[in-house]
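**Student:** As given, the protein sequences belong to chains Y and V, one line each in that order. When we follow our numbering, the leftmost residue of the first sequence carries the number 260, and every step to the right adds one. When we follow our numbering, the leftmost residue of the second sequence carries the number 89, and every step to the right adds one.
Derived from the structure by calculation, the hints contain no laboratory data. Among these hints, one or two may not hold up.
To be verified - Partner residues aside, some chain V positions facing chain Y, computed with beta carbon under 10 Å: (1) THR99; (2) LEU101; (3) MET104; (4) THR263; (5) GLY269; (6) THR371; (7) VAL374; (8) GLN383; (9) GLY386; (10) ALA392.
Said to hold, decoys possible - Chain V is faced by these chain Y residues, among others (derived, beta-carbon under 10 Å): (11) PRO425; (12) ILE427; (13) PRO471; (14) SER606.
Unchecked claim - Covered stretches of chain V (in silico footprint by chain Y; criterion: 3 or more residues with CB under 8 Å from a CB of chain Y, positions within the stretch not fixed): (15) 114–125; (16) 209–217; (17) 296–305.
Using N, Cα and C, we set each Cβ at its ideal position, and we do this for glycine too.
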Amino acid sequence: MQLENIGTLQTIVGVFARFWPVWIALAFLLGASMIYRKRLGLYGQLFESGVGIAGVVICCFWLFTAIFAHVVAPFDPLAQIPVMKDAMPGAIVPDHGGVYLFGGDKLARDVFSRMVFGSRIVLIIAPTATMFALMVGTTLGLPAGYYGGRIDSVLSFLANLVLAFPVILLFYLLVTPGIMDTPIPYGLAGLFFLFPIIFFVVLFYTRFKNRPERLYPLLALTLVLGGWIYVGLVFDADPLGVVSIDPNQLNIFVAVVFASSPGVFRIVRGLVMDIKTRDYIAAAQTRGETPWYIMLWEILPNARGPLIVDACLRIGYTTILLGTLGYFGLGLAPESPDWGTAIKDASRLLRSVIHPALPPTIALMSFVLGLNLLADALREQSLRD
Amino acid sequence: MLGFIVRRLGTMLVTMICLTMVVFFMVNLEPNLKKLAISQLDMRSPPEQLESWLVKNGYRQNFFVRYGQWLGVVQKQPAIDPQTGQSKPRFSFCDEPAEPYYGGILQGDFGCSTKFKTQVSTKLWPALAATGILMFWVMATMVPIALLIGILAGMREGSRTDRTLSVASITTTATPEYVSGVIFTVIFASWLGWLNGSAASATGQGITFYNFTLPVMTMAIYGIGYIARMTRASMVEVMTQQYIRTARLKGLSFPKVVIRHALRNALIAPFTVIMLQFPWLLTGVVIVETMFRYQGFGYTLVEAAGNNDIDLLLACSLVSVFVVLFTQLISDIGYAYLNPRIRVQ
Numbered sequence: 260m261q262l263e264n265i266g267t268l269q270t271i272v273g274v275f276a277r278f279w280p281v282w283i284a285l286a287f288l289l290g291a292s293m294i295y296r297k298r299l300g301l302y303g304q305l306f307e308s309g310v311g312i313a314g315v316v317i318c319c320f321w322l323f324t325a326i327f328a329h330v331v332a333p334f335d336p337l338a339q340i341p342v343m344k345d346a347m348p349g350a351i352v353p354d355h356g357g358v359y360l361f362g363g364d365k366l367a368r369d370v371f372s373r374m375v376f377g378s379r380i381v382l383i384i385a386p387t388a389t390m391f392a393l394m395v396g397t398t399l400g401l402p403a404g405y406y407g408g409r410i411d412s413v414l415s416f417l418a419n420l421v422l423a424f425p426v427i428l429l430f431y432l433l434v435t436p437g438i439m440d441t442p443i444p445y446g447l448a449g450l451f452f453l454f455p456i457i458f459f460v461v462l463f464y465t466r467f468k469n470r471p472e473r474l475y476p477l478l479a480l481t482l483v484l485g486g487w488i489y490v491g492l493v494f495d496a497d498p499l500g501v502v503s504i505d506p507n508q509l510n511i512f513v514a515v516v517f518a519s520s521p522g523v524f525r526i527v528r529g530l531v532m533d534i535k536t537r538d539y540i541a542a543a544q545t546r547g548e549t550p551w552y553i554m555l556w557e558i559l560p561n562a563r564g565p566l567i568v569d570a571c572l573r574i575g576y577t578t579i580l581l582g583t584l585g586y587f588g589l590g591l592a593p594e595s596p597d598w599g600t601a602i603k604d605a606s607r608l609l610r611s612v613i614h615p616a617l618p619p620t621i622a623l624m625s626f627v628l629g630l631n632l633l634a635d636a637l638r639e640q641s642l643r644d
Numbered sequence: 089m090l091g092f093i094v095r096r097l098g099t100m101l102v103t104m105i106c107l108t109m110v111v112f113f114m115v116n117l118e119p120n121l122k123k124l125a126i127s128q129l130d131m132r133s134p135p136e137q138l139e140s141w142l143v144k145n146g147y148r149q150n151f152f153v154r155y156g157q158w159l160g161v162v163q164k165q166p167a168i169d170p171q172t173g174q175s176k177p178r179f180s181f182c183d184e185p186a187e188p189y190y191g192g193i194l195q196g197d198f199g200c201s202t203k204f205k206t207q208v209s210t211k212l213w214p215a216l217a218a219t220g221i222l223m224f225w226v227m228a229t230m231v232p233i234a235l236l237i238g239i240l241a242g243m244r245e246g247s248r249t250d251r252t253l254s255v256a257s258i259t260t261t262a263t264p265e266y267v268s269g270v271i272f273t274v275i276f277a278s279w280l281g282w283l284n285g286s287a288a289s290a291t292g293q294g295i296t297f298y299n300f301t302l303p304v305m306t307m308a309i310y311g312i313g314y315i316a317r318m319t320r321a322s323m324v325e326v327m328t329q330q331y332i333r334t335a336r337l338k339g340l341s342f343p344k345v346v347i348r349h350a351l352r353n354a355l356i357a358p359f360t361v362i363m364l365q366f367p368w369l370l371t372g373v374v375i376v377e378t379m380f381r382y383q384g385f386g387y388t389l390v391e392a393a394g395n396n397d398i399d400l401l402l403a404c405s406l407v408s409v410f411v412v413l414f415t416q417l418i419s420d421i422g423y424a425y426l427n428p429r430i431r432v433q
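Between the sequences and the hints, there should be enough to build the whole structure, so can you do that?
**Tutor:** Here it is in structure tokens:
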């Protein structure tokens, strides 16, 4: 059956029009940032270079796309309209009036809507997994760098062990369907998700040890909030039913954190070993501060520059890892709209149909590029200080 | 220096033992063994039959005994056929002596591949050779291009060439193999028709420009940006040194300063980076070989992991872990050798 097509120009205009909430949000954000950039610290300084602006725009574009996905996407990412199988970009859906802006894939789903909803999966998993990896790497890297000696040898050996594992092999071993029957992913999740709680408890305790009126509320907040999320994520037993995660996603999450925290560990350890020779650390030691106070409140704030840059790059790298998982069909559901899975599906059919392959590839590439540009601009700014 | 190398080799050995033990544990998890038993018998076998198959073939022995057997420090017992009481090979496609013997990787016996129905070594070495060819061409294109870009960009920091090349290298580091592979295939194979979108023919009919350019290009592009950025950083640092200023003030021309004085010192850091690229390339190999259907090491690894082919997967992980650790060692030794300021105690 011949489908009606709205033409190339109309398609381009249509794509722009669909993103209207994103454009409005971007305009507000950029306008406000430009006006108040003098008062915004490091973030405001980003707007002084072209690279920085480009990075912010690209990252925020995908952030807002993920937030407004249900408004931007005209169709359900999983809905199939049989007529539209392999439809060309700009094809009109009969009896509906809607347009498949980027065409249909081999299962007659809207490529555009899938790309938009895919951003949601990527933008939820990649930054959170990176944050967990940062927490794990920092909590272990600080004592390793500060104390040195045996703790350092043991932890470094473990980190090198994980780093010597080729990522892809790690994923094939950790993210198989069979492993969900064993306690391994839950054990690892239980271990990794403990680190943020430990981190914040130690952070508050060292600072407010002598001021119970501040310490107890903060500790209670950390334990209640952390414990609530912990129970919901690891045991899937949240009493309120708000926090829950699909076992598959938990598995991916754990694998990504596992693969990426040794890298953070190495960076933090190196930074700590450098910073601990400074005079202000010696001053703190002379004052009689505890080692953990020095690590968390003297060393860590002074290591934030390189860590922020690394976090940006790492979110990009995590996005690439997620795409790799999707590309090999590991972990995520086969109909999931995430970019890696979409690339896998489309790349097998490149000989006959091209158009379903391009949107997810360009989406993934542009998001990672945005993060890399952001990291580059941040690095340049922190070097200038 | 010798003591350092010996110590590093010792650490390497311990790391390899730990890692292979982890892999051994992971591939022998209960669900994986079930899957293997089902694939060797058939889907409708009752659980008791699966269990008896696992017991008969020694999969139910103690973990450390089995690991020792795989390593070659514990004797392997021949499988006894319960009906005849005679010993019989576990897999019909693999020979096996009828009496207890030492047959592990220390003896050079990698075991049997249940997926390809042959000895692991007959499958693994040709695959490694095929990947070696791919790696050679990737290195041969990636390293010179990356170094050239890095040197040109770092020569004059902040110039227009520098900005353009830096953005270009950031872009390539944002393009993983599965993205660049798709984009290149669309451009060069589907639209222009210059190159073949599959390297499957390279295994049988030999490598040609037509079928091998796309895989090499796809793999090289991801590494180029990273190496180029490291080279640029190192070059920028060298160009601010005193001896470069001295050379300029002596009246040497700019190209001479760069080639004679800056280049050698600027290339020390990229050497380490290039060596440490190998673990990354390993992931790239798996993606590219799957995408372009090239029958090399990555393809073998995917097949082994997908079908839970225990011996083959163990052999693959041993090889890849060895490659990673060995390149790390080379990079450390090379760094100490190239940089006279570093002396290893």
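**Student:** Hints the structure violates: just list their numbers, smallest first.
**Tutor:** Hints 2, 8, 13, 16, 17 contradicted; others consistent.
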